[in-house]
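S.K.: Got chain B sorted already, so can you dock chains C and P onto it with the hints?
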Amino acid sequence: MPVRNRKAVITLLTDFGSLYPALMKGVILQFLESQTDVTFVDITHDIPHQNIVAGAFALQAAVPYFPKGSIHLAVVDPGVGTSRRCLVVESGGHFFVGPDNGLLIPAARSIGELKAYEIDVPLESSATFHGRDVFAPATADLANGKEIEKMGPLVTPMNLDVPKPRKVPGGIEATVMYIDYFGNVITNLETLPNCPVSLKGIPLKRVKTYANADLIEPLITKGSHGFGEIAINQGSAAERFSLMPKDRIILEEETCSE
Amino acid sequence: MPVRNRKAVITLLTDFGSLYPALMKGVILQFLESQTDVTFVDITHDIPHQNIVAGAFALQAAVPYFPKGSIHLAVVDPGVGTSRRCLVVESGGHFFVGPDNGLLIPAARSIGELKAYEIDVPLESSATFHGRDVFAPATADLANGKEIEKMGPLVTPMNLDVPKPRKVPGGIEATVMYIDYFGNVITNLETLPNCPVSLKGIPLKRVKTYANADLIEPLITKGSHGFGEIAINQGSAAERFSLMPKDRIILEEETCSE
Amino acid sequence: MPVRNRKAVITLLTDFGSLYPALMKGVILQFLESQTDVTFVDITHDIPHQNIVAGAFALQAAVPYFPKGSIHLAVVDPGVGTSRRCLVVESGGHFFVGPDNGLLIPAARSIGELKAYEIDVPLESSATFHGRDVFAPATADLANGKEIEKMGPLVTPMNLDVPKPRKVPGGIEATVMYIDYFGNVITNLETLPNCPVSLKGIPLKRVKTYANADLIEPLITKGSHGFGEIAINQGSAAERFSLMPKDRIILEEETCSE
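Order-wise, the sequence lines are chains B, C and P. Taking our numbering, the leading residue of the first sequence gets 1, the next gets one more, and so forth. Taking our numbering, the leading residue of the second sequence gets 1, the next gets one more, and so forth. Taking our numbering, the leading residue of the third sequence gets 1, the next gets one more, and so forth.
One chain only, chain B, in its complex shape (with noise of 0.2 Å):
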């Protein structure tokens, strides 16, 4: 009887820019059993280093658009080598293998009921890279078809840890969540101010698309990501107010008749 091959399509995302990534590619297609087919892609290796709130929203931004049964690798990890937990997750029909500091915990629970399971480090691994030693293996594992119940004990994982918009006196107060390589600005509203903002005193334009805005005009716009997001137009807004993933910001609000 013709054995059917398997296809597996697994994700990666770090902070490692060039080099690693590959490294964890050639261990899984070591691990690889000869049935397995393997689609790789790659999210973005460019996350700004070691910022975990950067690292989530990618992955909880790619995920939704990957067929079920995907593995998705993350790896943005400050605490390689000591005590925190090694991780492999199921949700909503897909995989995740990472570190246990939250960076899976958005995608996962934005897509179903997360179950998570703690898998060993094993001695031989070194300390500074489970991307390779640790996270790699596992993923091979799962692209095997081995049951994930099997890896390790269920346990609850660390959550992310950022704080949701609210009402501060004279405005919203908000949390860059992640800027894309254009410089656009996404935060984690999920609503847009019912009125006209500035952020840091320069007023922000609402419009449906950036072509919308004139030329280099700041501007807010519901994101292709469902959020809030600050933009220029065919300008950078994480230059112009010199934003990084993880900060707070307040958007001043005018009082109008909503």
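Since the hints were derived computationally from the structure, they do not count as laboratory data. The beta-carbon is built from N, C-alpha and C at its ideal position, and this holds for glycine as well. Fair warning: there could be bad hints in the mix.
Partial chain C-side listing against chain B, Cβ under 7 Å, derived [as the list claims (entries may be wrong)]:
{"hint": "1", "residue": "Ala22"}
{"hint": "2", "residue": "Lys25"}
{"hint": "3", "residue": "Phe129"}
Pairs of lysine-lysine residues, derived as DSBU-like cross-links and limited to a Cα-Cα distance of at most 35 Å, are as follows [to be verified]:
{"hint": "4", "chain 1": "P", "residue 1": "Lys68", "chain 2": "C", "residue 2": "Lys7"}
{"hint": "5", "chain 1": "B", "residue 1": "Lys208", "chain 2": "C", "residue 2": "Lys246"}
{"hint": "6", "chain 1": "C", "residue 1": "Lys7", "chain 2": "B", "residue 2": "Lys68"}
M.R.: Okay, now just chains C and P, sitting in the frame of chain B:
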């Protein structure tokens, strides 16, 4: 009767940097039929923001090296969310998907007679990310073998508007088409000038390959793309001459007996 | 009798940035026979321009993690278009393709006894892009199962010339082999010094993992590659100490009772 797997090569070219290209790949993988195998090749995601000239050049440089049947998804799209049309294009056995702003046209023209079809923007698509919501699904349709004629009405696409090189008093006017990672400046000159030339007063040594110039010496050569290329042996001509794609330059030409 | 598909893993390492690696992949895909399936893995395309030491290190760091039979296409090639030879190399069940300038040798040596063969430069190939015109077709030949002994005459390849670490008055002289994306400085020290060391007068805390140093504290550790690595916990040692691959450094060693 066993179904043979269909193999699709899908290339991607954008000015998105990271993250967003992965979302497009996720959507394509979701829409692929199970018997379609895909190989993704990223051409580049580092096109200078909204620089259609650079994007069109990179696409034209890459496409002829890919096998027939390849599908090229290209998005450099300052007009996203406005009334600019969305296209699928067939030429020389290759397929192209992207915005109707000239981006796809030089590549498609360079390999055959093109036919362009307008595709619909689904009502539920975002105003800022047609790459994910419009172009990725169309790419998957083509990979699944959908006939391009059935994807929308035949239309006449917008051309890319780049003036041809021309003689001007004192020299030759050309356009910078692309800056590569080395800082080499690729122009639209199809033949090198017959007489010695300078740029901004600095002589360019005419050589066959970079190593034929001295270290850090400015040079002009017929590059691997078949166009006149201004480079600096082990240095960056783009930095030295402060150039960007779409810039016009004047190559100051000495008189000489040809 | 059904033909079994052949699966080829092809890695790519260059100093090309983007665009040019895609042209190499296109050429490989054009030359592949229909029953050959390929998985591309980009090791890195960010090697500092023409820095053969850094390229050789990255290749050596990555190759052991890939499965036997993998084909490693590596191009850092300041001598392109000159008389330097083009090579295919076999070692430890892996294959290598690239220029004869030392780039491939440390990786090949690290996994077995190497055999190197010179391949021809086709007459019609460009003088500036052997990656596309010479090395990519040779890579496809290997992926299609061509026997390496038939690809050209056996030759003795050039070595990479990096001096071994040595005791000097006041300390240990070593070479910087690689700077990773975190700015970690990887040296060619195979064992850490026994006594406390400083670099440019700044003490380096000897630790097991980055998080064992204080925030922004310079440190030295046995890195995941097995070499002495100078780092700054949550900072960039390369910036702090102004270092590049190929630089010589002196680790100033205190006297201590070992």
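S.K.: Are the hints correct? Go through all of them and say.
M.R.: Okay, the hints, checked on the actual structure:
1. Ala22: holds, 4 Å
2. Lys25: Constraint on lysine 25 of chain C satisfied, holds at 5 Å.
3. Phe129: Hint on phenylalanine 129 of chain C: holds, closest Cβ of chain B at ~4 Å, below 7 Å.
4. P/Lys68 - C/Lys7: holds, 25 Å
5. B/Lys208 - C/Lys246: With a Cα-Cα distance of about 29 Å, the restraint between lysine 208 of chain B and lysine 246 of chain C holds, given a limit of 35 Å.
6. C/Lys7 - B/Lys68: holds, 21 Å
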